[in-house]
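Participant: Heads up: the sequence lines are chains A and B, in that order.
Residue numbers for the first sequence follow my numbering, beginning at 1 and rising by one.
Residue numbers for the second sequence follow my numbering, beginning at 1 and rising by one.
If you're looking for bench data, these hints aren't it; they were derived computationally from the structure.
Heads up, a few of these hints could be off.
The list that follows gives simulated cross-link-like pairs (lysine-lysine, BS3-like), each with its CA atoms no further than 27 Å apart [said to hold, decoys possible]:
(1) K130(B) / K221(A)
(2) K241(B) / K229(A)
(3) K232(A) / K103(B)
(4) K248(A) / K241(B)
(5) K15(B) / K229(A)
(6) K229(A) / K130(B)
(7) K114(B) / K232(A)
(8) K103(B) / K255(A)
(9) K57(A) / K77(A)
(10) K255(A) / K241(B)
(11) K229(A) / K139(B)
(12) K82(A) / K232(A)
(13) K114(B) / K221(A)
(14) K221(A) / K155(A)
(15) K255(A) / K130(B)
(16) K103(B) / K229(A)
(17) K157(A) / K241(B)
(18) K3(A) / K80(A)
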Amino acid sequence: MTKPILIVGGGPAGLAAAHAAASLGHASVLVEKMDRLGGAPILSGYAKLVPSHEWAKDAIGGMVTRVEQSPSIAVVKNAKVKAFEGTPGNFRATLTNGEAYDVGAAILTTGFTHFDSINKPEWGFGTFPDVVTTTQVEQMISSGKGVKCPSDGRKPKRVAILLCVGSRDRQIGREWCSKICCTVSANMAMEIREELPDCHVYIYYMDIRTFGHYEAEYYWKSQEEFKVKYIKARIAEVTGDGKQLFVKGEDTLVKRPITIPFDMVVHAIGMDPNVDNMTLSAVFGVDLHKHGFIGRKDAYGVMGATSRAGVFVAGAAIGPETIDDSIAQASAATMSAIASLRGTIPQAVE
Amino acid sequence: MPIHEKSLIRPENIKTKENLIVEGIDVSGHWSTFIESRAVTDYNEELQEEIGALPGGEFIHRCWQCGSCTNACTVHAIEPRFNPRYWIYLIRMGYESELVRDKDIIWQCVSCNKCTYACPRDVVPEGVMKATAHWLELKGYTEKSPSTIFDEEFSRQIIARGKIEDTEVLHKFLHKTKQPLMQDWLVTIGRNIAMRLPVKWGLKMMWAQVFKPKTKDWAKSRKAIEDYIIEQDAHHRHALKLDAPKSKATAHQPKLHAAE
Ligand SMILES: Cc1cc2nc3c(=O)[nH]c(=O)nc-3n(C[C@H](O)[C@H](O)[C@H](O)COP(=O)(O)OP(=O)(O)OC[C@H]3O[C@@H](n4cnc5c(N)ncnc54)[C@H](O)[C@@H]3O)c2cc1C
Ligand code: SF4
Ligand code: SF4
Ligand code: SF4
Chain A
1 MTKPILIVGG
11 GPAGLAAAHA
21 AASLGHASVL
31 VEKMDRLGGA
41 PILSGYAKLV
51 PSHEWAKDAI
61 GGMVTRVEQS
71 PSIAVVKNAK
81 VKAFEGTPGN
91 FRATLTNGEA
101 YDVGAAILTT
111 GFTHFDSINK
121 PEWGFGTFPD
131 VVTTTQVEQM
141 ISSGKGVKCP
151 SDGRKPKRVA
161 ILLCVGSRDR
171 QIGREWCSKI
181 CCTVSANMAM
191 EIREELPDCH
201 VYIYYMDIRT
211 FGHYEAEYYW
221 KSQEEFKVKY
231 IKARIAEVTG
241 DGKQLFVKGE
251 DTLVKRPITI
261 PFDMVVHAIG
271 MDPNVDNMTL
281 SAVFGVDLHK
291 HGFIGRKDAY
301 GVMGATSRAG
311 VFVAGAAIGP
321 ETIDDSIAQA
331 SAATMSAIAS
341 LRGTIPQAVE
Chain B
1 MPIHEKSLIR
11 PENIKTKENL
21 IVEGIDVSGH
31 WSTFIESRAV
41 TDYNEELQEE
51 IGALPGGEFI
61 HRCWQCGSCT
71 NACTVHAIEP
81 RFNPRYWIYL
91 IRMGYESELV
101 RDKDIIWQCV
111 SCNKCTYACP
121 RDVVPEGVMK
131 ATAHWLELKG
141 YTEKSPSTIF
151 DEEFSRQIIA
161 RGKIEDTEVL
171 HKFLHKTKQP
181 LMQDWLVTIG
191 RNIAMRLPVK
201 WGLKMMWAQV
211 FKPKTKDWAK
221 SRKAIEDYII
231 EQDAHHRHAL
241 KLDAPKSKAT
251 AHQPKLHAAE
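Isolated chain B, as found in the complex (with noise of 0.2 Å):
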């Protein structure tokens, strides 16, 4: 239901008491139903300051409401309570519990940066959808949106060899995200290569399989990565008020180490 729409009464706000004395009088029975107020009562000032921290999060308080955003949204014209406005308003005032309400509906941005383009403010929402999106994960709202592990695996290999290696990626994630290895566009893929590449391709393609190239020198580059990761993510949870990840190894995202 757009929020414009919503019903102002939540079926888990509607309260029935088996028994209830109310000031001496015996109110059991139809009496005893009552509806919680939705009265907000205080805000919570840091939730746009923890979101504001996170990479993509820095413009949310330029907000004005306008909607531009929402109207503009790929994701919203198939799915009305996706509203990028709405929750950048619940990040601003603090509404912390009707945030995390749409935990499983937030991280289905998918990027396309059209609201970007009609955000008057330069909020940069899509920006903010990731910050939000990653804020649920630091929290532990959520779990690792399948985007997220795409990109942990991408990063990971990158980090560890300057280089990815394609199949590698795409086994790693589907296995990690519970996916069979054999579906059907992926076999198609598969087939289609091994009849058209030119055989010396092929042969490249497989040693790079085993061997796993790295960029020359890469060593350099991969600490000054991994250090500026660890530092970023030191960052954030300290604005997070999170506990310090207790060894590089245990770094949220993405994981340094290659397994190699």
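The shape of chain A in the complex, shown without the other chains (with noise of 0.2 Å):
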């Protein structure tokens, strides 16, 4: 009998590696290092998801119940991997909790970690107690309180959403785009519109990446039947006098400084690497890419390898993903770890 897949981090990619493990009679070990199981969408309380609509807590709630019911699932939460040593087919893992288990392979589905919007002050984050996160937006509408201006609990009569976030930006090292925030926000403004009908909501654009289905359901949708408005412009500048925040930048299609009252200002937060993963670097022997994210070993070979052989990756770890391809790479990777220790790995082309 094969050994047991080990898999760390249990949101949506390390559920998905579970579940695929599973049903195909495998064996697998779940680690994850906080007290609950369902990743960011659970931890950090997201509201309706994109592209389904459903609730976050329901959708991946679902996932999380299938895992936790199943034989052959054991899930060890509140630990992380320690040690990781041996070779394909014959690793032992240490984890912080004094248990170890021998694996055959690992599958790493470690995740994000979100932009700490501290880190872009000019943008008011922390100054401004208006100045919020898409995160806390999601909250206040999973939450069932609605949208309310943190400091003194109005009801917003005019949103400003700001995109990328802690993405594409040089000036802080991040030069990737993270995917899914252009739609996480046109969804969001939508939400905002049906519940405050009277509020409205402005997205500050360098380019709209909406892809796939996505442009017609939620960016274009936006426009169409919630009126959401969408200004060509990186703002430069966030302030205020205790009562408005002011956005201050340029509007590039008429060639105008702006400045522009509101009462809340939304930052469409990126997804950074993992702080982790220098840890999980070490611990596992793998190579990050350049950004700090974990590394895969080539595009088209083996889906999900790594630079060390026996251990995989999926999902958010490999840079910003969206939730259905976190769970169709954690399925892949899964597969190629089965078919590892099967002996019928194939090569890559070279």
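If you follow the hints, you should be able to join the two separate chains into one complex; please do so.
Facilitator: Structure below.
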């Protein structure tokens, strides 16, 4: 009997990997550092997901239940992997809680870390209470408390969403696009307009990247049905006078400086590499991508392969990914992991 | 000057003061010339709603500023300041004063609909141009355009009689727009008609000019059309927060009651 697979991280990718292994009749150990499974959508309290429109707690909650009830998945919470030694087919993983597991392969589904808006002080987060992030607004909606200005609890009459906060910005060393935040913002704008029909929502963008089916369903719909306004401007500065916030920048389409009052400003925060990646790299002996995500060995050979044989990677651990893609990658990486244990691993074309 | 090459300093924004004291220092002379800030300090959310409420403006909020309409536009080709893409943006963001600056160009749309066929988002820019010209008139920024005057006369006759009498339309249009009746091209047409038209038809035409026949049983249709126009007019005025017309007779457009 081949050994179980170690899956590190219980977000959408890890849950999908464990489920994929179980459905192929293969045992797995799922190690999660937090006290709950579900990853970012659950831990950060996302509201309705793109593109299913399902509440995160229902959609991802369903994946969690499926994993927790499976007899072939051992779930270990509140733990990390401290050491990972051995050779493909024959690894030993020692956890921070003192337990150890003999496993045949590992899949890293350790995900991402939300960009911390404090690192863009010019946009007012941390200085003005009514400057918030997309995760905070997701929580306002998912908790049922509604969208309100944190300073005094009033319902905003005008909201600005600033795109690409913590993405596409050399000043802070982030050269990637976080892929999902345009669509998440369009979705959020519609949710705000639905909840507060008198509240006008403006989205400040450099490009709109609502790829594939997200174009009609989010970008177009937000304009056509919800009258969300999009302004091509990268905001230079957010200031405030204690009553209102002022968004300053250049409206590039009319070549005019703007200083517009708002009640609430939302940062569409991006996806950073997981802060644990240096440690993960050392423990698992895997190379990192130049931007700090976990590196893939190649794009078209063995799905999810890393620089170390027997260790695979999937989901937002690789780079900014959607939930759908994280799930698909995790299923593919599970196939690679199981194939590696059966000795049928194909070699990448040189 | 095309929008993208627009000069950033407008003559009217250059302010020179004879005498000026700034923080206690006399800066009269050279130093008293300033350029007023071009910064936009607020959006007027009403503007898009208002123009969107007029016929043709319904889809304005779809626009994503690709510029296909301007690129396709017949008028833009000869008048670079004619830029539907730009005006749509001004309306969407509520840059009202900026829009009004172009009031004497906007109505020049020739309704060729090239923009309509070019637009990837079905904004129907031609409709937006019409709605914008209409808005400028309703708000009192512009006089009625010649085409509005023509339409009004045309509709007035249709509403009154269910028919138009061509010579009367032309005659009244020229009169209202203060143009001479004896235009070379008109004289030529008139002469040719007189020479070539069979006598019977010529008599019929003259009869129609004098007696102005009505379509049979027109009264009911006329009432329905009038009611509809009053309703629409009230609706538009309400959207623009204008006073309701005092009576049927002052309803904006078209004039409802034929003189006869
Ligand atoms: C504001 C916002 C809204 C979003 N909305 C959507 C949406 O609507 N639709 C969509 O498709 N995508 C959305 N996304 C993207 C979505 O969050 C990711 O695609 C998804 O979370 C990736 O799943 P993952 O399992 O790869 O990573 P994660 O969700 O980050 O899960 C990683 C898991 O690994 C655990 N972990 C991390 N390090 C360790 C370690 N060292 N040891 C053990 N465990 C560890 C973490 O605690 C976590 O549980 C959104 C992103 C943001 C920022
Ligand atoms: S998805 Fe949109 S908001 Fe997010 S980084 Fe890319 S361009 Fe910016
Ligand atoms: S309909 Fe008017 S705006 Fe459209 S292309 Fe023709 S002239 Fe230009
Ligand atoms: S073609 Fe349509 S979408 Fe493009 S700028 Fe013109 S109106 Fe807007």
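Participant: Among all the numbered hints in the text so far, which are the ones the structure does not match?
Facilitator: Violated hints (numbers, rising): 4, 5, 10 and 12; every other hint is consistent with the structure.
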